[in-house]
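Based on the hints, put chain B in the right spot on chain A.
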Amino acid sequence: MKNKIKFIFHIILHPADGFWDMKREKRGSIPICLALIALQFLTMLINEYNVGFIFDSSVGKTADIGFLLAVAVLPIFLFALANLSITTFLEGEGNFKDIFMMACYALTPSIIIRIITTVLTNVLSLDEQTYIAVLSIISVVWVVLLLFVGIMEVHNYSTPRAVASALLTIVAMAIIIFILLLFLDMVSRIFGFGYSVFQELEMRI
Amino acid sequence: MKNLLKKSACFLIAFACVISVTSATVGAVSDDGRRFVQSNGVTDAYTYSKISGGTRVVSSPDAYLPYYVVDSDSLGAELVNPSHIATADNKLYIVNTGKNNIIVTDEKFGVLNVINSFDNNGTADTFAAPEGCFVDNSGKLYIADTENHRIVILDKSYRLIQIIDAPKSDVLAADFVFKPQKIVVDSSNRIFVVSDGVYEGIMQFYGDGSFIGFVGSIPVTASPIEILWKKLLSKEQTSKLTQFVPVSYTNIFLDSEEFMYTVSLSSTLSEPIRRLNPGGADVLIRNALAGTDVSGDQIGKDSQFVAVCADESNTYYAADSVRSRIFIYDEDGNLLCVMGGSYTGQIGTYKYISSMLLFGGDLLVVDSQASAITALYPTEYMLAIKEGLRTYRTGLYEESYQSWQEALSHNSNFDLAYSKIGMIEIRKKNYGQAMEYFKLANDQKNYSKAYVKYRSEWYTQNLSYVITAVSAVVVLIVIFKFFRKKRVKK
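Sequences listed follow chains A and B, in order. Position one of the first sequence corresponds to residue 1 (this note's numbering), numbered consecutively onward. Position one of the second sequence corresponds to residue 1 (this note's numbering), numbered consecutively onward.
Incorrect hints may appear among the rest.
[Said to hold, decoys possible] Anything over 12 angstroms on all C-beta distances counts as not near chain B; from chain A, calculated:
#1 2
#2 8
#3 50
#4 54
#5 122
#6 156
#7 166
[Unchecked claim] 27 angstroms max Cα-Cα, derived DSS-like pairs, lysine-lysine:
#8 A:61 with B:485
#9 B:439 with A:61
#10 B:428 with B:453
#11 A:2 with B:485
#12 B:439 with A:2
[Stated by the list, open to error] Listed next, with one range per pair, are the computed distances between beta-carbon atoms:
#13 A:95 with B:413: 35 to 43 angstroms
#14 A:91 with B:469: 56 to 64 angstroms
#15 A:137 with B:472: 31 to 39 angstroms
#16 B:231 with A:50: 30 to 38 angstroms
#17 B:472 with A:95: 51 to 59 angstroms
#18 A:185 with B:300: 27 to 35 angstroms
#19 A:63 with B:55: 15 to 23 angstroms
#20 A:62 with B:91: 52 to 60 angstroms
#21 B:463 with A:134: 21 to 29 angstroms
#22 B:473 with A:50: 23 to 31 angstroms
These are calculated hints, taken from the structure and not from any lab test. C-beta atoms are modelled at their ideal positions from N, C-alpha and C, and glycine is treated no differently.
Chain A extracted, bound-state conformation (with noise of 0.2 angstroms):
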């Protein structure tokens, strides 16, 4: 346990070493994996509902726990999913299961980021957010960077091709995500045609 749990660290300090022995020496486990994703919606749960008056852009609004657990879910999966879609076709040797793994570890640096700044918007004050926006920064930038590096090493992808890949794993994202909006979109428009017809025939008999 206390291996598994030093692994985390060892991969978001030294990813391209990391990564190698996720997939490569079996190092990766599933259940660290949900209990990061786990911690990430945690951690959201708790921005939203203890960040510092100060820096809280949601003032009055209530807070929309079931939009929160799908902002923390649902992006992990879809970029395993584009991911897996892309690679497949440009000779990737990561199968599902690494690709998720991956995208999971590398949640890391945003669940133990969010965290400090959660407790930062509460002693800082409107001068001093500068602090919180280069913590933000720094955030996106290494999970970006370990996403990369992850995509690279699962794979077994040169430079070059890292890069296509990542970038046609994006449009890939926004591929399904505008197929999902299309089919949610027909299936409500079913269910309102049925809907109407049922009401006729209730008017009607």
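Chain B alone, transformed into the frame defined by chain A:
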């Protein structure tokens, strides 16, 4: 049986109508002569809130209530399409456009004089649809004689002093038509004129009638896309596009500090209300709390401002012609209240507000299309706000605190009052209290300021504990390491 019920219901409704009609039209004059409530008119007061997502309309207590309507009947003189009201020396000057005269009344709307004509070098001269007037401290009367294309200056006893005709200048186009609509005169006798169809700004004259030039030109703004189109299209094509014409001013008001409040019609202009200094620069403060900004209605069609007035604490009132609403803003641009509405026949609704005037605490609203002047008195809520703003400006914070508390007792959703109380608490060095009030006002910026003070106060009070705790931790670590080393050595 059913029929009988219906009949009696009809009768009851008719009876109720008769009662309400009579109560609305009976207008006697009370003891003090003015404050007599003819009718409980409507004001539909509201403000906006941007808290909790999107802009929402929040109803607010009435700021002003209509109590008297001046029309031809109650005035005893024919009032047709009045377009302006001015005051000096407790007299009111109503520009009666439709009848080409100026009606002078006392403060209770008793007619003192009707200026139909004046003596112009031996011949009787008249006005043609005058739309504006201004009375200076010495009683000199400046009249924008719109359809005669001139400005007429009369003295205290309405004898002609001077006529200013259409100016001739290089900066004016050859086909320029002088149609003065609104006029103000500052204490150094400079005359500022809003003229119909003039886009260059406000026309400025010396007291002797010579034309100086334009002040307060509104800058033309074009979006990057429009500029790109202009670059791409040929000359013939661009000539068919709508031109970037600056908007013209619709009304002007000279405040107690001799700054000019101006309003202009435009749906594209982001700053329809401006406050010009004598040099013509816009000095209006736009520093409101979240939720309001100085551009009228935030939902639906853009407001088109046509009238403006202001009081001594720079609280200003602007009237919108689209929905005939009056917007009240404080010095910083906080929306205090929106009231009024499109004409329904009820008192407190307007067809077209052409002028407003604050007179002895009351608000006089001139409705040119309904040919009436509505007098509104401030409610206790508005009086508390006014007092709060006034005392806060002059530094009487204790009194201001009381006024804001009173305003809150009328409207517990009033962000501005919480914010002002917070400011006063900061001055009293009650930073914790101030933070609480700023939180209630959803005022993050000032909360942060109070918090910085609160935090540094907390540091200075607890510095000894902090230092003790930190040094204790350091000592403990040193001891711990020392013992560990010893154990390793063994």
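* Asked: Taking the beta carbons of residue 62 of chain A and residue 91 of chain B, is their distance inside 52 to 60 angstroms?
  -> At 57 angstroms between Cβs, range holds.
* Asked: Given the hint that residue 428 of chain B pairs with residue 453 of chain B, does the C-alpha gap stay at or below 27 angstroms?
  -> It holds: about 12 angstroms lies between the C-alpha atoms, which stays within 27 angstroms.
* Range hint 51 to 59 angstroms (beta carbons of residue 472 of chain B and residue 95 of chain A) holds or violated -> This hint holds: roughly 54 angstroms between Cβ atoms.
* Take a look at whether the Cβ-Cβ distance between residue 231 of chain B and residue 50 of chain A falls inside 30 to 38 angstroms. => Violated, at about 52 angstroms.
* Minimum Cβ distance from residue 122 of chain A to chain B greater than 12 angstroms, as the annotation requires -> violated (10 angstroms)
* To do: For the range 56 to 64 angstroms, tell me whether the beta carbons of residue 91 of chain A and residue 469 of chain B fit it or not.
  => For residue 469 of chain B against residue 91 of chain A, whose Cβ atoms are near 59 angstroms apart, the range 56 to 64 angstroms holds.
* To do: Verify that the Cβ of residue 166 of chain A lies farther than 12 angstroms from every Cβ atom of chain B, and report whether the claim holds or is violated.
  => Non-interface label stands for residue 166 of chain A: nearest chain B Cβ at 32 angstroms, farther than 12 angstroms.
* Non-interface label on residue 2 of chain A, tested against every C-beta of chain B at 12 angstroms -> Holds, since 20 angstroms exceeds 12 angstroms.
* **residue 463 of chain B paired with residue 134 of chain A, Cβ distance criterion 21 to 29 angstroms** => holds (28 angstroms)
* **Non-interface claim for residue 8 of chain A, where every Cβ of chain B lies beyond 12 angstroms** => Its Cβ never comes within 12 angstroms of chain B, the nearest being 26 angstroms, so this holds.
* Asked: CB of residue 137 of chain A to CB of residue 472 of chain B, is that within 31 to 39 angstroms?
  -> holds (36 angstroms)
* Lying within 15 to 23 angstroms: is that true of the beta-carbon distance residue 63 of chain A to residue 55 of chain B? -> Once the Cβ atoms are compared, 21 angstroms apart, the range 15 to 23 angstroms for residue 55 of chain B and residue 63 of chain A holds.
Of the numbered hints stated above, those contradicted by the structure are hints 4, 5, 8, 12, 13 and 16, listed in ascending order.
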